[in-house]
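Undergrad: Based on the sequences and whatever the hints tell you, model everything.
For the sequence shown, counting from 1, position 41 maps to 52 in this note's numbering; every step adds exactly one.
Hints were generated in silico from the structure; no laboratory data involved.
Mixed in with the good hints there might be a few duds.
Distance windows between CB atoms, simulated [to be verified]:
#1 I50 x Y98: 21 to 27 Å
#2 F42 x I75: 51 to 57 Å
#3 D90 x V38: 38 to 44 Å
#4 I121 x F24: 49 to 55 Å
#5 Q71 x G96: 19 to 25 Å
#6 A61 x I33: 41 to 47 Å
#7 F24 x K83: 55 to 61 Å
#8 I30 x F58: 38 to 44 Å
#9 T87 x D48: 24 to 30 Å
#10 L94 x Q71: 44 to 50 Å
Calculated cross-link-like contacts (lysine-lysine; reagent style DSS-like; alpha-carbon spacing at most 27 Å) [unchecked claim]:
#11 K52 x K79
#12 K47 x K83
#13 K74 x K113
#14 K47 x K74
#15 K79 x K47
#16 K113 x K47
Every residue, glycine too, gets a C-beta built ideally from N, C-alpha and C.
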Amino acid sequence: MDKIIPSYSDPLFSIFILILLILTVAVVSFFIGNYKDEIDKRSLMDFLRAIKVEENSSFQIDKIRFSKSLIKPLTTMADTLTLRGDYRKAISIYLYLIENLKSFYEQEPIMV
Numbered sequence: 012m013d014k015i016i017p018s019y020s021d022p023l024f025s026i027f028i029l030i031l032l033i034l035t036v037a038v039v040s041f042f043i044g045n046y047k048d049e050i051d052k053r054s055l056m057d058f059l060r061a062i063k064v065e066e067n068s069s070f071q072i073d074k075i076r077f078s079k080s081l082i083k084p085l086t087t088m089a090d091t092l093t094l095r096g097d098y099r100k101a102i103s104i105y106l107y108l109i110e111n112l113k114s115f116y117e118q119e120p121i122m123v
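TA: Shown next as structure tokens:
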């Protein structure tokens with residue numbers, strides 16, 4: 012048994028190994044969590060893109076030129092459409108806003 016696990020008489024070395032083990036577990040779990048979040052986000056975006064608004068509809072959000080001043084009105088319009096039960100149009104507005112906003116901090120209020 013002594014050949015498999017050598018005995019160390021230096022307690023500082025044992026503390027170093029313990030800290031190294033804890034840091035390794037923390038870093039691995041951090042990267043696994045980020046990877047799972049990325050997969051979830053990608054699957055959500057694929058789902059939202061799968062929902063299409065009818066082509067013959069007069070509602071075509073993609074033809075509007077995006078500007079920062081449109082965020083609040085479009086969000087209000089999407090909320091109103093959601094309350095009315097017109098979910099496909101509301102999802103297309105939310106998707107348009109999410110695609111055109113670059114920062115996650117700008118996208119977060121829309122996704123919540």
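Undergrad: Hint by hint, note whether the structure agrees.
TA: Outcome of the hint check:
1. I50 x Y98: 21 to 27 Å: The hint (21 to 27 Å, Cβ to Cβ) holds, given that I50 and Y98 are roughly 24 Å apart.
2. F42 x I75: 51 to 57 Å: Cβ of F42 to Cβ of I75: about 39 Å, so the range 51 to 57 Å is violated.
3. D90 x V38: 38 to 44 Å: Holds: the Cβ-Cβ distance is about 40 Å, inside 38 to 44 Å.
4. I121 x F24: 49 to 55 Å: holds (52 Å)
5. Q71 x G96: 19 to 25 Å: Holds: the Cβ-Cβ distance is about 20 Å, inside 19 to 25 Å.
6. A61 x I33: 41 to 47 Å: Between A61 and I33, where Cβ atoms are some 42 Å apart, the hint holds.
7. F24 x K83: 55 to 61 Å: Distance hint for F24, K83 holds at roughly 59 Å.
8. I30 x F58: 38 to 44 Å: holds (42 Å)
9. T87 x D48: 24 to 30 Å: holds (29 Å)
10. L94 x Q71: 44 to 50 Å: violated (22 Å)
11. K52 x K79: OK: K52 and K79 at ~23 Å, within 27 Å.
12. K47 x K83: Between K47 and K83 the Cα gap is close to 31 Å, so the pair fails against 27 Å, i.e. violated.
13. K74 x K113: holds (19 Å)
14. K47 x K74: It is violated: about 34 Å lies between the C-alpha atoms, which goes past 27 Å.
15. K79 x K47: Violated - the C-alpha atoms of K47 and K79 are around 31 Å apart, more than 27 Å.
16. K113 x K47: The given pair, whose Cα atoms are some 21 Å apart, holds under the 27 Å limit.
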